[in-house]
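Visitor: For the record, the sequence lines run as chains A and B.
The first sequence lines up with residues 1 to 108 when you count with our numbering.
The second sequence lines up with residues 109 to 221 when you count with our numbering.
It should be emphasised that the hints constitute simulated quantities derived from the structure, not laboratory data.
The model shown is predicted, which means the values in this text are computed figures rather than measured ones.
Just to be clear, a hint being listed does not mean it is correct.
[Unchecked claim] Taking beta-carbon pairs under 10 Å as the criterion, some of the chain A residues facing chain B (in silico): (1) Gln6; (2) Ser26; (3) Gln37; (4) Gly40; (5) Glu41; (6) Pro43; (7) Val44; (8) Gly82; (9) Thr84; (10) Lys95; (11) Gly99; (12) Gly101; (13) Gln105; (14) Val106.
[Claimed, not checked] A partial selection of chain A residues facing chain B, derived with a Cβ cut-off under 10 Å: (15) Gln9; (16) Ser12; (17) Val28; (18) Phe29; (19) Tyr35; (20) Thr48; (21) Leu88; (22) Asp94.
Beta carbons: idealized from backbone N, C-alpha and C, even for Gly.
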Amino acid sequence: TQLLEQSPQFLSIQEGENLTVYCNSSSVFSSLQWYRQEPGEGPVLLVTVVTGGEVKKLKRLTFQFGDARKDSSLHITAAQPGDTGLYLCAGARDKLIFGTGTRLQVFP
Amino acid sequence: DAEITQSPRHKITETGRQVTLACHQTWNHNNMFWYRQDLGHGLRLIHYSYGVHDTNKGEVSDGYSVSRSNTEDLPLTLESAASSQTSVYFCASNDRGFSTEQFFGPGTRLTVL
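Required output: the full structure, derived from the provided sequences and hints.
Guide: So, in structure tokens, the structure goes:
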């Protein structure tokens, strides 16, 4: 049973466009992490959100944790080719539950 | 610099063979994890360890085993490899449980023919 659903699964956009990736669940998490993974490498943590309604910004990336701590979103402003990769959300309960991933391709 | 390494990076084996994937970390982390990554499933937890001589089953532990004889290493063994175990395997570690950042190795791509 997949507790964390990410959408969209694939996203192909031009440089300069904005995009939002969603991470949804019916379960409550104590915190939620976002990772980015590049080909041939392991995931690397981008951010952890802990409080319901929390918003964190990392340069052009904005992360939000839902008020009920069941969902999260990642918004990228003015995407660049360097943003290309697989984005994974992961919710913490008694263990870390990973989402299905969103593969982003940004073309110059 | 501290790091986490996995070996081999690529492995091809035959059905029924025993295979061991190595994971070594120099972070001195107590917690170590093994995941498999498959298209459409994300990362799924196989086994994890909170310290020397401690091992626990994860979501997809059938057909896999681990042992922790020291802080640095958590080898993953496939007792009798099956084609369904073809996947990319990632090892990770941290020092404060599941809810904090996990540091991942580069992965091992395993193909079972």
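Visitor: Taking the hints in turn, state whether each one holds.
Guide: Here is what the structure says about each hint:
1. Gln6: holds, 8 Å
2. Ser26: violated, 17 Å
3. Gln37: holds, 8 Å
4. Gly40: holds, 7 Å
5. Glu41: holds, 6 Å
6. Pro43: This hint holds: Pro43 (chain A) lies near chain B, its Cβ roughly 5 Å from the closest one there, short of 10 Å.
7. Val44: holds, 7 Å
8. Gly82: The hint is violated - Gly82 (chain A) has no Cβ within 10 Å of chain B, the shortest such distance being about 20 Å.
9. Thr84: Not OK, violated: Thr84 (chain A) not within 10 Å of chain B, min 18 Å.
10. Lys95: holds, 5 Å
11. Gly99: Because about 6 Å separates Gly99 (chain A) from the closest Cβ in chain B, which is inside the 10 Å limit, the hint holds.
12. Gly101: holds, 5 Å
13. Gln105: This hint is violated: Gln105 (chain A) lies away from chain B, its Cβ roughly 16 Å from the closest one there, beyond 10 Å.
14. Val106: violated, 21 Å
15. Gln9: It holds, given that the least Cβ distance between Gln9 (chain A) and chain B is near 8 Å, below 10 Å.
16. Ser12: Given a least distance of 17 Å, the restraint on Ser12 (chain A) is violated.
17. Val28: violated, 13 Å
18. Phe29: Nearest chain B Cβ about 9 Å off; hint holds.
19. Tyr35: holds, 8 Å
20. Thr48: holds, 7 Å
21. Leu88: Check passed: Cβ of Leu88 (chain A) comes within 6 Å of chain B, closer than 10 Å.
22. Asp94: Hint holds; Asp94 (chain A) Cβ to chain B Cβ min 7 Å, cut 10 Å.
Going down the numbered hints, you'll see the structure goes against 2, 8, 9, 13, 14, 16 and 17, while the others check out.
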